[in-house]
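As a plain string of letters, each chain reads:
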Amino acid sequence: MDDYKFLFKVVLVGNAGVGKTCLVRRFTQGLFPPGQGATIGVDFMIKTVEIDNEKIKLQIWDTAGQERFRSITQSYYRSAHALILVYDISCQPTFDCLPDWLREIEEYASSKVLRVLVGNKIDRDDREIPTRVGEDFAQRHNMYYLETSAKESDNVEKLFNQIAAELMEQARCKELPRYDDGNLQNMNRRTTSVDVTCCGN
Amino acid sequence: MTTSANEFIDSEHKALYSKICNEEDKVTRELQAAMARHPLLDAKVRNITKVLPNLEVISQDAKQLSDMIGFASTLIENVSYKVRRLDVARSRVFECQQRVHDLLDLQLCCDGVKSSMNIGDFEKAAAHVHRYLSMDQRLLEKTADDVNQDSAAVNNSISLLQDAATKLRNILSDKFSEAVKNDDLASVERFFKLFPLLEMHDHGLDKYSDYLCTQIQTFSKTKIKTTLDNKNSDKRAGIIFADVITLLFEDIASTIEVQQPLVETYYGPGRILKLILKLQEECNKQIKVILNELWRTRQIEKYASMVRDKNRSTSTMKPPDPKDLDQLLAELTIIQSRYHLYLKFLKRKVAGERITEKEGEQNDLVAKLESKLQSSDLCRLMQELLNNYLLLEHFYMEESVRKAIQMDCVDQGSQTSSMLDDVFFIVKKCIRRASSTSNIDGVCVVINNACGVLETEMCSALMNTMKVGFPSGYLDLTQAYNVMMQGRLQTTDSEQSKAVFIAHLNNTDVGSEYINTLCTSLVSEVTCSTELERRKLESCLTGLSSVSAAMGASQELGLQQLRNTAIKPRVLSWLDSFSTLSHVLSEEEFSSYEANEPFIRGFIGNIDNFLSEFKGLLTGNNYETLVSILATEVNSLMEKVIMKTEFNRFGGLALDKEIRALVSYFSTATSWSVRDKLARLSQVGTVLNLEQVNEISDYWGSSPLPWRLTPVDIKKILKLRTDFSNDEINKVHF
Ligand SMILES: Nc1nc2c(ncn2[C@@H]2O[C@H](COP(=O)(O)OP(=O)(O)OP(=O)(O)O)[C@@H](O)[C@H]2O)c(=O)[nH]1
Ligand SMILES: [Mg+2]
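Residue numbers (our numbering), protein chains in the order written: chain A, 1 to 201; chain B, 202 to 935.
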C-alpha cells in the first residue's frame with residue numbers, strides 16, 4: 001500500500017467559503033458534501049495518484065479561511081510543495097483578497113513553491129469574475145490557472161493530477177546528485193519528502 | 202453386384218440382425234417376469250372381492266362423521282362469538298370503571314385543589330391538578346355528555362380544575378420569581394420541582410436556568426472584581442486570568458453536576474441539554490468579560506501587532522523581549538487546556554444520559570451540543586486566543602533561538618557549542634508548552650514553526666560556518682582552547698574560528714541525533730484522541746526530517762572543507778620527504794633503509810599526531826569520517842608521488858613494506874576497516890614488488906581482491922621499475 005515513489009504536500013488557501021473543503025472532498029472522496037461547515041484549523045487528507053506508472057502520494061492540507069485561524073494556516077506554507085489559492089468566481093470580494101494572500105505566500109512559503117490559482121464554483125450562473133480576468137491575474141503573478149466546480153466535479157481531478165505531474169517532473173530534475181563524492185558519509189538519513197526547492201540550480 | 206457391395210450390405214444386415222435378436226431377448230425376459238407375477242395378482246383380486254361389502258359400510262360411517270363435525274363446528278362458532286362479545290363487554294366495563302374513577306377523582310381533585318390552595322399546600326394542589334391532567338381530556342368531556350343527568354356537575358368540575366390549573370401555574374410562577382428575588386434557595390427548588398406536575402417542563406427549566414445563570418453571574422462578577430483588585434499583588438498574578446476562567450468553568454461544571462439528578466428525577470431524561478445550553482449562554486457572556494479584561498491587561502493586541510510588524514520596514518516599535526512573553530504564554534496555554542477540559546466535561550454529561558432508549562437520540566443530543574458550542578462566543582474567543590498564542594509562541598521561539606545562536610560559545614571539554622543544547626532546549630520547551638493546550642492543531646503548528654526556525658536559523662548558521670571553512674595554517678587546537686579560556690581578547694581569530702568550526706561540525710552530527718530523539722519522544726508524549734489527529738501529528742513530525750537533511754548537508758560540506766584545508770595540504774607536505782629518497786637500492790642500502798625507516802616512520806608519526814589531535818575534539822561519527830577521508834587522500838596522493846619515482850627490486854620491496862605498515866596502522870586507528878580505502882595503494886605496492894614482470898599474470902588471475910588498477914595502470918607502474926624492460930612489459934597479457 002505504502003509503496004509510493006514521491007510524497008508531496010499540497011496546501012489549499014483562500015477566503016472562507018470559496019469551496020476549498022468541497023474541492024478536497026470531491027477529489028479524495030468523490031462527493032460534494034451537503035451542508036459543509038466552515039473548517040476549524042486545518043484538515044488533513046491523503047490520496048495516492050498514479051502518473052506515468054509512478055505512485056504519487058499527495059498529502060493535502062485544507063486550511064480554514066477564517067481570519068482567526070491565520071497562525072495555524074501560515075505554519076503550513078513553508079513545507080508546501082504546491083499551494084492552491086482558491087477564490088469564488090461568483091464573489092468579487094474573494095477575488096479582491098488575492099493580493100493579500102499572495103503577500104502571505106511571499107512571506108511564508110518557499111520561493112520555488114508551485115502556485116496554482118483556482119476559480120471555483122463555475123457551475124453558478126451569477127459569475128462576477130470573467131475567466132480572462134482570473135487568467136490575467138494568474139499570468140501576472142506567475143501562477144497556473146484553472147477554473148473548477150467542486151459541485152459538478154469539473155476540472156477537480158485535472159487540478160490535482162496536473163499538480164502531481166508537475167511536482168514529479170520538478171523532483172526528477174533535481175534527482176541528480178549534488179555532491180561529487182557520495183560515499184563521504186555513511187548517510188542513512190531519512191528523507192521522506194522531496195525537497196523541490198533546489199530544483200533548477 | 203460387386204463383392205465389396207455385398208460385404209457392405211452383409212455388415213449392415215448383421216448389425217440389424219443382432220439388434221433384433223437383442224430386442225427379442227429383452228421381450229422374452231419381460232414376458233417371463235409378467236408371467237411370474239400372475240398368481241400373485243390372482244390372489245389379490247380374490248382378496249379385494251372379499252373386502253368389497255365392507256367398503257360400503259365404511260362409506261356410510263364417514264358420511265355420518267362428517268355431519269357431526271359440521272354440527273360441532275357451528276356450535277363452536279356460536280360459543281366463540283359469545284366469548285368475543287363477553288370480552289368487549291368486559292373492556293367496556295373496565296373503561297366504564299375508569300371513567301367512574303376519573304369522575305370520582307375529578308370530584309376529589311376538584312375539592313382537594315380548592316382546600317390545598319387555600320392552605321398553601323402547593324404540592325398537594327399540584328398533585329391534584331397533575332391527576333386531572335393525566336386523565337384523557339376528550340374522554341372526560343364525552344363522559345360528561347354521556348352521564349346525562351349529571352353533565353352539569355362534571356363540566357363544572359372540569360372548568361373548575363382548569364381554572365385551578367391556570368391559577369396554580371400563575372401562582373407557582375410568581376412564587377418562584379419571588380423566591381429567586383429573595384434568594385431563597387429552598388423555595389426555588391420547591392417550586393422548580395412542581396412545574397413538571399403542571400406540564401410546565403420548558404417553563405420550569407427556563408426559569409430555573411435563568412436563576413442558575415444569575416448565580417453564576419454573581420459568582421463570576423465577584424471573582425473578576427477580586428482578581429482585578431489584586432492583579433498585581435497576588436502571587437499567582439502572572440496567571441490570574443487563567444485562574445478566574447478555571448473558577449468559572451468549575452462553577453458551571455459543579456452546577457451541572459448538582460442539578461443533573463434533580464432535573465432527571467423531576468423533569469425526566471434528556472432534559473439536561475436544555476439546562477446546559479442555557480448555562481452556556483451565561484458562560485459566553487462571562488468569558489467575554491474576562492477575556493476582554495485579559496486582552497487589555499496583558500496587552501495582547503500590542504504584542505501581536507509588534508510581532509506582525511517586526512519584519513516590515515514600516516515598523517516603528519521595538520519588538521518585545523521574548524522573556525517578557527514567557528508568563529503570558531504559560532497563562533494562555535492554561536486557559537486553552539481548561540477550555541478543553543470544560544468541553545470534554547459537557548460532552549460527557551450529555552453523552553452520559555443513558556436513559557433515553559434510542560441510541561440515535563443520544564447522538565442527536567451530542568451533535569446538537571457540539572453544533573451549539575461550535576458557533577458559541579466561547580469557542581470563537583478561544584480560537585482567537587489560540588491564534589494569538591501561536592503567533593506569540595512562534596515569535597518567542599524564533600527570537601530565543603536567534604539569541605541562543607548569537608550568544609553561542611565553545612566551552613572547553615565540550616565537543617559541541619552552546620547553541621546546540623540551548624536551541625533544542627527552547628524548541629522542546631515551546632512544543633511541550635503547546636502540547637499542554639491539548640489542542641493538536643496548536644501542537645502541529647508549533648512543530649511546523651520549529652522546523653522552520655531550526656532550518657532557517659540554526660542550520661543556516663552552521664552552514665555559514667562550514668562555508669567559511671576550516672582556517673588553514675598550522676593547527677593547534679589545544680592551544681586555541683586554552684587561549685579562549687583565558688579570555689576572548691587574546692584569542693587569535695584563526696584559533697577561535699578553528700574551535701568554532703570543529704564545534705559546529707559536531708553540532709551538525711549531534712543535532713541530527715537530537716532531532717531523532719525529539720521525534721520519538723513527541724510521538725509518545727503528545728496525546729491524540731482520534732486517528733486523524735495522530736496522522737496530522739506524524740505528518741508534521743516528518744517535517745523534522747528535512748531539518749535532519751539540512752544538518753547532513755552542512756556536515757558533508759564541513760568534512761569536505763576539512764579535506765581541502767586541513768588534510769590535503771598536510772598529507773602533501775608529509776609526502777615531501779618521499780620524493781627526496783631514492784628507491785633504487787642496493788642490498789646494503791635496503792638493509793639500512795629497512796632499519797631506519799627514513800620515510801614511513803615519520804609519515805605514520807605525522808598521521809598519528811594529526812589524528813590524536815582530532816580524536817577527542819570530534820564526535821565519534823565525525824572522527825570516523827575524518828579517518829576515512831585521510832585514508833582516501835593518502836591513498837591517492839601517495840600514488841601520485843610514487844608515479845614520479847623510480848624503483849628497482851629492493852626499492853619495490855621496501856615500498857611494499859612501507860605500504861603494509863601504513864595499512865596496518867590505519868587498521869588499528871579505527872574500529873572499522875579502512876583496508877578498502879587503501880586497496881589501490883596496496884596493489885601499487887604489490888605490482889612494484891614483483892620479482893619478474895610475467896608474475897603479474899598469476900596475480901591478475903588469482904587475486905582475492907578485485908583489482909582497482911587497470912591493465913594500463915599496471916603497465917605504467919611496471920615501467921617505474923628500472924630493472925624491467927619495456928619489451929617485456931609490453932608483452933604482458935591480461
Ligand atoms: N455552486 C457551488 N457551490 C460550492 C462549490 N464548492 C463549494 N460550494 C459551496 O460553498 C460553500 C462553502 O464551501 P466550503 O468548501 O466549506 O468552503 P471553504 O473554502 O472550505 O471554507 P472555510 O473552511 O471556511 O475556509 C458550501 O456551502 C458549498 O456547498 C461549487 O463548486 N459550486
Ligand atoms: Mg473548509
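No lab work stands behind these hints, which were simulated from the structure alone.
A couple of the hints might just be wrong.
Once the Cα atoms are required to be at most 27 angstroms apart in a straight line, the calculated BS3-like pairs of lysine-lysine come out as [as the list claims (entries may be wrong)]:
1. 394/B / 315/B
2. 511/B / 112/A
3. 668/B / 174/A
4. 220/B / 315/B
5. 841/B / 769/B
6. 486/B / 112/A
7. 920/B / 845/B
8. 475/B / 382/B
9. 769/B / 668/B
Okay, the calculated beta carbon distance ranges per label pair [what the hints assert, rightly or not]:
10. 541/B / 5/A: 31 to 41 angstroms
11. 519/B / 50/A: 24 to 34 angstroms
12. 5/A / 490/B: 49 to 59 angstroms
13. 519/B / 103/A: 22 to 32 angstroms
14. 614/B / 55/A: 30 to 40 angstroms
15. 67/A / 733/B: 19 to 29 angstroms
16. 733/B / 5/A: 24 to 34 angstroms
17. 511/B / 51/A: 41 to 51 angstroms
18. 615/B / 51/A: 41 to 51 angstroms
19. 637/B / 5/A: 31 to 41 angstroms
20. 5/A / 841/B: 25 to 35 angstroms
21. 637/B / 55/A: 47 to 57 angstroms
As the structure is a computational prediction, the values presented were derived from the model and not from experiment.
The beta-carbon is built from N, C-alpha and C at its ideal position, and this holds for glycine as well.
Next on the checklist: Of the numbered hints stated earlier in the document, which are not met by this structure?
Outcome noted: 4, 6, 11, 14, 20 and 21
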